[in-house]
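Chains as they are written, first to last, in the numbering used here: chain D, 388 to 620; chain W, 13 to 302.
Hints were generated in silico from the structure; no laboratory data involved.
Please note: incorrect hints may appear among the correct ones.
Distance condition first, Cα-Cα at most 25 Å in a straight line; then the derived SDA-like pairs of lysine to any residue [unchecked claim]: (1) D:Lys585 with D:Glu601; (2) D:Lys513 with W:Gly176; (3) W:Lys249 with D:Asn477; (4) W:Lys92 with D:Glu601.
Please read all numbers here as calculations on a predicted model, not as lab measurements.
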Amino acid sequence: MLTVEGLRSRYGRIEVLHGIDLQVNSGEIVTVVGANGAGKTTLLRCLSGVQPVSGGTVTFRGDQITTLAAWRRPARGLTQSPEGRQIFTNLSVEENLRLGAYGFADDRVDRDMEDAFQMFPILREKRNLSAGGLSGGQQQMLAMARALMGRPSCLLLDEPSMGLAPIIVSQIFDTVRGLKDLGVTVLLVEQNAFGALKIADRGYVMETGRIIMEGAAETLIADPRIREAYLGI
Amino acid sequence: MSELLQFLFSGVTVGAVYALVALGFTIIYNASDVVNFAQGEFVMLGGMITFAAHAAGLPLPLAAISAIVLTAALGVGMNKLAIEPARGAPVVSLIIITIGASIFIQGAAQIIFGKQIHSYPAFSGDTPIGVAGATILPQSLWVIGGAVAVFIALWLFFTRTLLGRAVLATSNNRLAAQLVGINTNFVMTLSFALSAGIGALAGVLATPITLTAYNVGIAFALKGFAGAMLGGMGNPKGALVGGFAIGLIEALTAGYLSSTYKDAAAFVVILAVLFFMPQGLFGRKSTDRV
């Protein structure tokens, strides 16, 4: 579904991605784990088109989208729930969700919103409130629900567990796991390597702008080097 | 009594112009957090281009429409040439760019249209309408009606249409707007076109009463800005109320104190708002939580 080959990106003169190769197959949950500053978020920014690519290619569902404008990508089926949630704080919860389906104007918008409320009942309760007043966990749910409103075939999910209480984190991970049953392919970027690898099919380990390891999630979780470096076990 | 009514009529008339300018501020501010100080020049251009087109033989309605369209196009050009290349710069830098654009437009207008004061005939004649001992010009009704119509259209746009919400979303979080598929460049282009067109409309309607010259823009910009601040920046309802309020305060100051102090009234209001209620009358308190 999503193929990344030799992807390079830079901030000014400093290159932060040094040739990333990565593959996400239809129906998979794939995770990219790594420490803070490894380039995980930059990778997702490149995939969504909000960060310029200086080399390599991104292919999505058979089309080269390396330089496709960011705003055209959701319509292709590639949406992102970004790091730090980035919800529209001055709009209501419902308006945030409606904008998630910005490219669409059919009956399915209402059905999808109903599904989002089923998935995150707290959002239904707060649908008319300003999104800026939500708690961190609720904002994360809103960010994910908004990305799902865009009818993704592949959802890019950046650090959904960041800054949340452990109980909320496990709820969020359960939800991500559940997306698989809905037929959504997920590329999950996480610092919480253990939580992410537990729900993923395959994983990549990223360090200073390079993929240093890849494999089935259970293989990685059992690897002594990974356990020491990322799982703290 | 009829004296007060007369002051109120003139206040509402000039207030409607300020309200239109304030509404223009609101749109660009909503899309980009930028206060566009060239807004007053759009008003000047509306009047000037209508005058020039009318003098060149175009019927007045056609001249007015061409002024609005040309000014809207100029707004788009300003965004493309001056604002878009500086994207990523701090908002303050962008605001300074708009001041530069304002000075540039004023200079160009001086060269193209000359330094004379211009006007053209009122739309529905010059016979004042008597109301309870006071009089109001038919053109005043055009100005007031224009402000109210634009307000209603904008209010519907921002609260009832997806595109209007996309404009709000773009100003709130440009990155997230792109991630949900909003073409943020188009939103900016649209905002400048709308804003410039509304400014031009204000000029088109007001010029038969206020007359126009290459340098009238600044005063409109500052007073419209005072109106937008008073109402709460970014809120169309605030812009409308604030604009009318500034016009009334100005007319009453001129009537009961001295017309010397007329122009000071708007600035006293700006200071008072900044000191005592920076959110303005209808400004939304920001409720960001981290």
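Item to complete: For the pair we were handed, D:Lys513 and W:Gly176, check the Cα-Cα distance against 25 Å.
Response: With Cα atoms ~22 Å apart, D:Lys513 and W:Gly176 stay inside 25 Å; holds.
Worksheet item: Between D:Lys585 and D:Glu601, does the CA-CA distance stay at or below 25 Å?
Response: holds, 15 Å
Practice prompt. Please work out if W:Lys92 and D:Glu601 have their alpha carbons no farther apart than 25 Å.
Written response: Distance ~45 Å between W:Lys92 and D:Glu601 Cα, so the pair is violated.
Worksheet item: Within a Cα-Cα threshold of 25 Å, do W:Lys249 and D:Asn477 meet the stated pairing?
Response: Within the cut-off at roughly 16 Å; holds.
When held up to the earlier numbered hints, the structure conflicts with hint 4 and nothing else.
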